[in-house]
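Participant: Sequences are here, hints too, so could you generate the full structure?
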Amino acid sequence: MSCNFRKLGLVLSLSAGLLVTQACLGDTLKIGWLSSLTGPLSSAAIAENQGVELAVEEINKSGGILGKQIELLTRDTAGDPTKAVNFAQQLAFTDKVQFVIGPVNSGEGLATVPILARAGIPNIVIGSLDELIDPVKYPKAFRMINTNRQWISTANDYALKVLKKSKVAIIADTSGYGTSSAKSATELLEKAGIKPVYSVLVDPNKTDLSDEMNKARAAGADIVMPWSAATGLLGRVLNARGDMGWSVPVVGHPALMAAQIRKLLNKPEYWDNTYAAGYMSTTYMSDGKLPAPTQALVNKVRPKLGGGEIDILFWWVALGYDAVKAIEYASKTAGSTDPAAIQKVLESTKEFKGVYANYSWSPTEHNGFPDSNMTVNAANTFKDGSFKLAPH
Amino acid sequence: MKHLNSKSTQLFLGILFCSSIPFWANDQYQIHIATLIGIYWVLVSGLNLVVGFTGQLSIGHVGLLSIGSYAFAILAGKLGFDPYLSMLVSGCLGGFCGLMLGLPSLRLPGFYFAMATMAFSLIVNELVLAQGDLTGGGIGLAGPLFPAPFESPIGFYYFVLAIATLFTWASLNIVRSMWGRALISIRDSEVAAQAMGVPIFRAKLIVFVFSGFAAGISGALFASLQSYITPDTFVFELSLFFFVCIIIGGKGSILGPFLGTVVLTALPELAAPLAKLGNLFYGILLLIVVLVIPEGIGRLADMFIQKIRPRLVKTEPMKPDLSRLAQTLVTYSDTKRGQK
Amino acid sequence: MLNVFVAGLAIGMVFAAVALMYNVMYSTSKVLSVTTGHLSMLGGVFGAYAISVLHLHWTIGLLAAVLVGAAFGWITELLGVRRILAKSDEHLWLLSTLALATIVQQLIGLWWGTEPKPFPRLIAQDFNAGLLDQKFWLPIGITLLMAVGLELFYKRTMYGKVFMAMSEDPFAARARGISTDQIRQMSYLLSGALGGLAGFAAGQLTFAYFALGLTLTLNGFIALAVGGLGSNIGALIGGIALGLLNAFVSHWFGGEYQQTMAVGLLLTVLLVKPEGLLGSRKLRPV
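Chains as they are written, first to last, in the working numbering: chain A, 32 to 423; chain B, 5 to 344; chain C, 215 to 500.
Read the hints as simulated data drawn from the structure, not as lab findings. Don't take every hint at face value.
Unchecked claim - With a cut-off of at most 27 Å between alpha-carbon atoms, the simulated BS3-like pairs for lysine-lysine come out as follows:
id	chain 1	residue 1	chain 2	residue 2
1	B	Lys280	A	Lys168
2	A	Lys294	A	Lys168
3	A	Lys214	A	Lys226
4	B	Lys82	A	Lys335
5	A	Lys214	B	Lys82
6	A	Lys127	B	Lys82
7	A	Lys61	B	Lys280
8	A	Lys294	B	Lys82
9	B	Lys280	A	Lys92
To be verified - Covered stretches of chain C (chain B as the covering partner; in silico rule of three or more C-beta atoms under 8 Å from a C-beta of chain B):
id	stretch
10	320-334
11	453-462
12	465-473
13	476-487
Beta carbons: idealized from backbone N, C-alpha and C, even for Gly.
Facilitator: Now the structure itself:
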């Protein structure tokens, strides 16, 4: 009996704790937000969080969705897929959310997307790995960020067609994202008839990249394409290129343009001749102005970020904002939050106007980001989170 | 009539209680957490013999978990073999890797053994990522479900409960037998144990292989529960987590590490609404637990029971039989005089 | 090739510095604190903060780094070690120091940010100095100074000899009237100060990054094991070996199998000589 008593006491207290976290099923529309606020990719997650919270605040002020206020349940997954799975289950079954946004990390997404699919909860996917979306296996998952393929092919097209380079050196990191991106990049290059002259996987915390850059130069590379989201690695690639005085263009992952990279550079000039896949929506047009929706959002967000210059990639904020707005649009159009109705509405959406992009989904295509929004930006034109076009 | 040992009764009652959880749990999430605790416990029960009873600093079991998970995902998922057979194969593979790891490293003194196990887990993680064709690399593999009736969450929970019971019973038996005492003697004083004829290396190796087997089985169940495994899951911190479960539970007991596993798995879930501050909260709580209850939660539970149902120490005064003593002395001195 | 050698040597020296810190703490308490790497991380972060954000002179930045390191070393001893050693349970310190390491990492992550931030240039030097760049030579120089300093400390000063006495036999030391508790506190303060110094010197190499702590802890641990617990020269050798191996394996085979090969090779060293290269078989069986 003593063992029974002990176990009962322990589990009772645990259950009490779990019950406390269960919000009362009142008149709220619950949105679950799986974000890696600490850990890898946290700068992206924190910026996206800004967008999400701003949208929720705005919508709640103007009456909510279908008469209900939005309740945002944020869970910090810290880059751990086990935590992501647990929180996804918690949001789905205990908190009974109507929608889930995220996770930010593709590695976590691979584990949570099937679970949310099984629970039948509409999932706005914001990870870029191509495998996260499948209209057959995950009918209620819709992606709003571009796919990894879109990033890679945009960068490749710029390298091969605009800059007219043919001897490519690929540098990627040894993380899950890095290894799969390097593979995809090599495949896409080979489809265009180019074989990389040098390809290497590097530990993202390696302190000096001059060896790899030297080898790339020795192999005769005329362009370096890094595929990694690790700020430290990208900063060191640019530093190595600058320190050795090698004037080769660097074209690759959008993280190359992040403001943190600028701070890590030995000299500001090292950011010249650096281009990355970017978006029309966060590009200054020929008259020096941003597209109107982007500028409007910038004005709204600026006071929340301290009122001064914005030094995060603005498309992250726009993505978070759009995710919540898409939920609002889908619910209002469907007239309810019934998952089947939401799925139908989203699958027949053409050009839903967001800040980050205009999204279109269909029953066979759940990747909503249009190719037309992809472009290439010049890194050293960073201002308030957006860029100018790279020379075309 | 067989005398029911109190530990067996406790185990039986514990099983009864755990079986009732699906009936009063609120939702599928809580069953998921309960199943996860069960799966972790399968590994921890094996590791407990190595860390809690033999006193080895083994911090590499996440590597064995990873091997079990991937073996199961590849055999039952990619290649389509029977899941039960695949699970057994994962267990045996875990045991085999435990043997390969233990043979060279168990001879190393404590701290170097820790380094060897840690190195093992780092190497396994890197190899899993690098061998993309086999393991899916960064993208990982899907974890197949077991066939009916175990593919529903509740069904799978009972399956895990059954396996966890088996392992608990096995470790209870090992601990209560001569083996258990041999292990404890190795932990407390290796030289004395050696002097008493305990085969130290063989004992350490056998429990290590057993813990590898447990880790392999646990890995197979884990892959099935998570439904998708990636290398990001099997980080070194998970090894430390298992080690912490045992230490926090208290060495030398079975119930302690079980409670430790329950508490440490449930804690981040309770801290979930804190979002960013969740991990910080977890660290602070861990520190407080260590400072306040250094003997472990198991001891706390024991102290609690002592208060409720104290083990009465019976005192029996010894009364010497003086007349008989006198008689003996007289007879002895007579004999002595007679000898001279 | 020389480039690979120098880069490997530089990071290897950082690992060696961490191994030296482990030695200092181990000698007086027989505890291998998980917070060791975090002491260096704090040195780098606070040095960067003082110089880049508060715009103080680099000497003040150095002082700040050393003081913060020493303070956290003292906290480690206070919270993580003192009460634990009083209890009989051996491996509890792993938990307490792990909890402390988690706490400090999370706090720094929340305050400083989770991205690597730049560490300022300390001495005016042009960036195309190649191999002579200070980001390589600062950690190498400082660690060598640390090692020499520690050796002199142990051999020539009274306190150093007291440290050695404590590491050999704490009971005898206590019997001779040495206040072992105070000496232990001192050793943690010293170790923290050294960590702050090492982190400050290595800042340009590693950037001021909050997740650096755990990496340094693990790698310093490996360096210590290879070199042998308790030997300072061994710590240097172990660190250099690990750094060079990492660099050369990466150079020849790319990053995919880097850890496997480097750590695997070091493990084979342990198989041949289980107490590390220069460790002594300090057995006290009965």
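Participant: Look at each hint and say if it fits the structure.
Facilitator: Results of checking the hints against the structure:
1. Annotation: proposed proximity of Lys280(B) to Lys168(A) is violated, straight-line Cα distance about 32 Å (limit 27 Å).
2. Between the alpha carbons of Lys294(A) and Lys168(A) the distance comes to roughly 43 Å, so the proposed pair goes past 27 Å and is violated.
3. About 12 Å separates the Cα atoms of Lys214(A) and Lys226(A), which keeps this hinted pair within 27 Å; it holds.
4. For the hint pairing Lys82(B) with Lys335(A), the CA-to-CA distance comes to about 49 Å; that exceeds 27 Å, so the pair is violated.
5. For the hint linking Lys214(A) to Lys82(B), the alpha-carbon distance of about 21 Å falls within 27 Å, and the restraint holds.
6. For the given pair, Lys127(A) sits about 33 Å from Lys82(B) by alpha-carbon distance, which is inconsistent with the 27 Å threshold.
7. Distance check on the hinted pair: Lys61(A) and Lys280(B) sit about 19 Å apart at the alpha-carbon level, within 27 Å; holds.
8. Annotation: proposed proximity of Lys294(A) to Lys82(B) is violated, straight-line Cα distance about 46 Å (limit 27 Å).
9. Taken as a hint, the Lys280(B) and Lys92(A) pair is honoured in the structure, with Cα atoms around 25 Å apart against an allowance of 27 Å.
10. Residues of the stretch 320-334 of chain C lying with their CB closer than 8 Å to a CB of chain B number 3, which satisfies the three-residue condition for coverage.
11. Coverage of a stretch by a chain is defined here by at least three residues with a beta carbon nearer than 8 Å to that chain's beta carbons; for the stretch 453-462 of chain C and chain B the count is 0, and the condition is violated.
12. Given as covered by chain B, the stretch 465-473 of chain C passes the check, having 4 residues with a CB less than 8 Å from a CB of that chain where 3 are the minimum.
13. Under the rule that three or more residues need a Cβ within less than 8 Å of chain B, the assignment of the stretch 476-487 of chain C holds, with 6 such residues.
The structure fails hints 1, 2, 4, 6, 8, 11 (numbered hints given earlier, in ascending order).
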